[in-house]
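**Student:** The residues making up each chain are set out below.
2 protein chains.
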Amino acid sequence: MKKTEKPGTLHWLARKAGVSIATISRTLRRPDSVAPQTRQRILALVERHRFVPDGRASTFSSNRSGVIGLIVPTISNSIYAEFTEAIQNRLQAAGLNLLIANANYSAELEREIIRKLIESRVEGVILTGYDRDPGLYQLLRRYKIPFVVTWSISPKPSIPAISFDNYAAATEATELLVKLGHRRIALICGVTAINDRAAQRLAAYRDVLRRYKISFDRALVAEHPFEIEISADATTRLMSLQKPPTAIFCANDIQALGALFTCQRLQFRVPDDVSIIGFDDLPITRVVIPPLSTVHIPAAQMGNAAADALIDAARKGIPVKSRKIDTEIIMRGSTGAPPARVRIRSSSPS
Amino acid sequence: MKKTEKPGTLHWLARKAGVSIATISRTLRRPDSVAPQTRQRILALVERHRFVPDGRASTFSSNRSGVIGLIVPTISNSIYAEFTEAIQNRLQAAGLNLLIANANYSAELEREIIRKLIESRVEGVILTGYDRDPGLYQLLRRYKIPFVVTWSISPKPSIPAISFDNYAAATEATELLVKLGHRRIALICGVTAINDRAAQRLAAYRDVLRRYKISFDRALVAEHPFEIEISADATTRLMSLQKPPTAIFCANDIQALGALFTCQRLQFRVPDDVSIIGFDDLPITRVVIPPLSTVHIPAAQMGNAAADALIDAARKGIPVKSRKIDTEIIMRGSTGAPPARVRIRSSSPS
DNA sequence: GACACTAATGTAAACGTTTACACTTCGGAA
DNA sequence: TTCCGAAGTGTAAACGTTTACATTAGTGTC
Numbered sequence: 198m199k200k201t202e203k204p205g206t207l208h209w210l211a212r213k214a215g216v217s218i219a220t221i222s223r224t225l226r227r228p229d230s231v232a233p234q235t236r237q238r239i240l241a242l243v244e245r246h247r248f249v250p251d252g253r254a255s256t257f258s259s260n261r262s263g264v265i266g267l268i269v270p271t272i273s274n275s276i277y278a279e280f281t282e283a284i285q286n287r288l289q290a291a292g293l294n295l296l297i298a299n300a301n302y303s304a305e306l307e308r309e310i311i312r313k314l315i316e317s318r319v320e321g322v323i324l325t326g327y328d329r330d331p332g333l334y335q336l337l338r339r340y341k342i343p344f345v346v347t348w349s350i351s352p353k354p355s356i357p358a359i360s361f362d363n364y365a366a367a368t369e370a371t372e373l374l375v376k377l378g379h380r381r382i383a384l385i386c387g388v389t390a391i392n393d394r395a396a397q398r399l400a401a402y403r404d405v406l407r408r409y410k411i412s413f414d415r416a417l418v419a420e421h422p423f424e425i426e427i428s429a430d431a432t433t434r435l436m437s438l439q440k441p442p443t444a445i446f447c448a449n450d451i452q453a454l455g456a457l458f459t460c461q462r463l464q465f466r467v468p469d470d471v472s473i474i475g476f477d478d479l480p481i482t483r484v485v486i487p488p489l490s491t492v493h494i495p496a497a498q499m500g501n502a503a504a505d506a507l508i509d510a511a512r513k514g515i516p517v518k519s520r521k522i523d524t525e526i527i528m529r530g531s532t533g534a535p536p537a538r539v540r541i542r543s544s545s546p547s
Numbered sequence: 198m199k200k201t202e203k204p205g206t207l208h209w210l211a212r213k214a215g216v217s218i219a220t221i222s223r224t225l226r227r228p229d230s231v232a233p234q235t236r237q238r239i240l241a242l243v244e245r246h247r248f249v250p251d252g253r254a255s256t257f258s259s260n261r262s263g264v265i266g267l268i269v270p271t272i273s274n275s276i277y278a279e280f281t282e283a284i285q286n287r288l289q290a291a292g293l294n295l296l297i298a299n300a301n302y303s304a305e306l307e308r309e310i311i312r313k314l315i316e317s318r319v320e321g322v323i324l325t326g327y328d329r330d331p332g333l334y335q336l337l338r339r340y341k342i343p344f345v346v347t348w349s350i351s352p353k354p355s356i357p358a359i360s361f362d363n364y365a366a367a368t369e370a371t372e373l374l375v376k377l378g379h380r381r382i383a384l385i386c387g388v389t390a391i392n393d394r395a396a397q398r399l400a401a402y403r404d405v406l407r408r409y410k411i412s413f414d415r416a417l418v419a420e421h422p423f424e425i426e427i428s429a430d431a432t433t434r435l436m437s438l439q440k441p442p443t444a445i446f447c448a449n450d451i452q453a454l455g456a457l458f459t460c461q462r463l464q465f466r467v468p469d470d471v472s473i474i475g476f477d478d479l480p481i482t483r484v485v486i487p488p489l490s491t492v493h494i495p496a497a498q499m500g501n502a503a504a505d506a507l508i509d510a511a512r513k514g515i516p517v518k519s520r521k522i523d524t525e526i527i528m529r530g531s532t533g534a535p536p537a538r539v540r541i542r543s544s545s546p547s
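Sequences listed follow chains X and D, in order.
Just so we're aligned: 441 in the numbering used here is position 244 of the first sequence, and the numbers increase by one with no gaps anywhere.
Just so we're aligned: 283 in the numbering used here is position 86 of the second sequence, and the numbers increase by one with no gaps anywhere.
Be a bit skeptical, because a hint or two may be false.
No copy is singled out in the list; a pair is fine if it fits within one copy or between any two copies.
As the list claims (entries may be wrong) - DMTMM-like mimics (lysine to aspartate or glutamate), calculated; alpha carbons at most 25 Å apart, straight line:
hint	residue 1	residue 2
1	Lys341	Glu244
2	Lys313	Asp251
3	Lys518	Asp430
4	Lys213	Glu316
5	Lys410	Glu369
6	Lys521	Asp505
7	Lys313	Asp505
8	Lys521	Asp330
9	Lys213	Asp523
10	Lys313	Glu244
11	Lys313	Asp229
12	Lys203	Glu316
13	Lys313	Asp509
14	Lys518	Glu282
15	Lys203	Glu320
Simulated from the structure, these hints should not be mistaken for lab results.
Please take these sequences and the hints and turn them into a complete structure.
**Tutor:** What follows is the structure in structure tokens.
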């Protein structure tokens with residue numbers, strides 16, 4: 198009585214093809230290493246039975262998962278889409294797979310995701326932001342999983358980052374408004390407690406004000422999740438102030454759009470009455486009326502660089518090297534000098 | 198000479214704790230099944246060494262990957278974000294993990310992704326759209342992987358779909374424009390060759406025109422990728438026609454936004470000169486001026502239902518049952534009757 | 001004709017869990 | 001006292017590949 202192998206395994210195929218299991222494995226992984234006619238016979242069989250080898254066993258046996266994990270804080274902001282697609286393309290070309298995970302701005306959820314990634318022994322992790330429990334970094338190191346921080350730069354040099362400089366970029370944006378003559382500048386940004394990018398942008402804003410001897414008014418900063426309707430509400434509040442701002446720096450384009458439409462709805466002209474500057478340079482900022490001035494973030498470039506670094510780390514053991522990426526202020530139609538009456542009013546208060 | 202186990206394995210921990218490997222495994226998987234003091238001792242050890250078990254071995258040995266795959270055609274459109282997050286929440290509650298993959302509107306890439314998912318023996322797959330090589334469905338069935346189609350309904354009842362009805366929704370939207378008095382209605386939609394949702398919406402548009410005896414003008418339909426700038430260009434072309442449309446149905450909110458701003462830029466008033474209706478009901482449609490009329494898609498509800506169905510399929514073997522989800526037209530400020538002069542002109546042509 | 005070398009294939013150990021089953025201990029019921 | 005069941009733990013097979021090493025056959029060289 199012939200022992201019948203379980204269908205859908207290499208063993209089973211090997212028996213059908215009259216070769217050993219090793220030959221099947223080789224046919225699948227390194228076709229050149231088997232004789233052409235053997236190969237053909239086996240591939241025909243594989244085709245006919247629609248055989249898909251068990252990747253779990255393969256990954257486990259070869260000790261290579263071929264997967265890079267990417268953790269983004271949200272997928273609703275399309276700026277991460279460009280970033281993700283760049284990474285995906287690079288990895289695919291290198292024969293690696295991308296596992297996209299959404300941490301939803303939750304440290305708790307991110308922790309679980311990182312743990313899962315370690316469990317599945319991914320060969321690299323791309324993180325967003327640096328601010329997290331140091332234990333997580335230790336864990337990644339403990340399991341020799343290369344990682345890289347993106348979208349912000351850690352003050353600790355031991356944490357490799359491939360990113361632009363949030364502080365510098367926000368400094369530039371705020372300074373631009375100051376140089377246009379604005380003295381009453383609002384900031385709408387993300388929730389700094391859970392978002393180090395937002396925190397750095399806020400810090401930059403404060404420091405610029407201080408440098409130009411403009412007093413900091415807590416009422417002019419609004420920290421909110423990146424949802425357009427929330428930003429719209431915040432803008433309404435801001436513009437209903439006794440002395441509304443003449444400029445709003447939004448640390449995110451989504452928020453800037455909320456601010457733009459809300460100002461217009463409240464009959465403020467942009468940029469004549471209020472200037473607005475965003476952050477990210479989403480495609481929509483070019484289409485909106487007036488087109489939005491913003492800070493261009495080279496998301497694709499950052500993605501490419503991060504992916505390349507991890508490919509080298511995973512395949513050649515080259516440690517990830519930090520790298521800074523340049524941003525650029527894009528002046529479009531939503532920024533200008535403050536209105537004259539405000540300038541007059543502020544010099545001769547009523 | 199004591200045989201030393203490889204660190205970072207259950208064996209190694211077992212030796213350290215002076216128990217068997219089975220006890221370690223049980224402590225990790227079903228803590229209740231081991232004595233409290235044993236458990237404590239082991240957990241302390243696990244904690245101290247930051248031990249993370251090898252999920253590949255676990256998945257492989259237990260024959261359960263605990264993963265559901267989700268394939269979306271793009272991640273730039275935030276409508277998929279809501280969908281994805283709903284799925285993620287449901288799966289997490291059920292102890293399953295979500296693997297998000299982006300097929301980038303490429304059948305080729307999608308095929309590779311599906312293959313990878315089968316290789317890793319995921320316990321379910323959520324697909325977007327039904328239109329793909331039938332071999333892929335066969336493959337999923339062959340490997341007994343439950344799947345469900347979302348965002349559109351297959352004409353073949355053998356393919357389970359949890360979705361709204363694109364044809365019905367687009368019919369409603371087009372009909373609404375007709376009933377407002379429009380006769381010259383443009384359609385901006387996705388590329389129907391690679392997007393069955395776009396194809397169904399186009400079909401609905403044509404059928405409504407036919408039903409109301411409005412001649413179909415090829416020049417009034419624009420098929421384009423869902424990028425706002427491309428849609429803006431298409432709108433420019435449309436509105437520069439000898440006889441520009443008095444209404445534009447955009448089968449996607451992104452495109453509708455491009456159309457809206459472009460019309461305004463060209464000095465057409467919305468809705469006085471042109472009506473615009475979108476599709477998806479993104480949050481931004483409520484904020485824009487005028488707020489955009491659109492078709493509300495219950496993305497979260499669809500995600501919940503799809504996730505629940507796959508959870509039941511994976512865990513209890515319940516076959517996925519098709520289900521239709523309702524959409525709703527949301528009338529906001531971007532739709533109205535056609536302008537009077539057009540109505541006059543059309544009744545007494547020059 | 002012996003030898004070295006290569007190409008093609010086979011053998012079998014290893015990867016690190018899970019889990020069915022066996023075993024021991026202990027407390028209580030008869 | 002014996003017996004039974006439950007609780008706790010151990011043993012070892014199984015999961016389906018990959019791959020180092022062994023084996024065989026074939027080819028060309030001296």
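**Student:** Give a verdict on every hint.
**Tutor:** Here's how the hints hold up against the structure:
1. Lys341 with Glu244: Only across copies: Lys341 and Glu244 sit 18 Å apart there, 38 Å inside one copy, limit 25 Å.
2. Lys313 with Asp251: Intra 20 Å, inter 10 Å, cutoff 25 Å: intra and inter.
3. Lys518 with Asp430: neither (42 Å within a copy, 42 Å between copies)
4. Lys213 with Glu316: between (35 Å within a copy, 21 Å between copies)
5. Lys410 with Glu369: within (16 Å within a copy, 58 Å between copies)
6. Lys521 with Asp505: within (14 Å within a copy, 44 Å between copies)
7. Lys313 with Asp505: both (23 Å within a copy, 22 Å between copies)
8. Lys521 with Asp330: within (23 Å within a copy, 44 Å between copies)
9. Lys213 with Asp523: Neither: 59 Å inside a copy, 51 Å across copies.
10. Lys313 with Glu244: Classified as between: cross-chain Cα gap 16 Å, same-chain 34 Å, threshold 25 Å.
11. Lys313 with Asp229: between (36 Å within a copy, 22 Å between copies)
12. Lys203 with Glu316: between (28 Å within a copy, 17 Å between copies)
13. Lys313 with Asp509: both (23 Å within a copy, 23 Å between copies)
14. Lys518 with Glu282: within (22 Å within a copy, 33 Å between copies)
15. Lys203 with Glu320: between (31 Å within a copy, 20 Å between copies)
Of the numbered hints listed earlier, those contradicted by the structure are 3 and 9.
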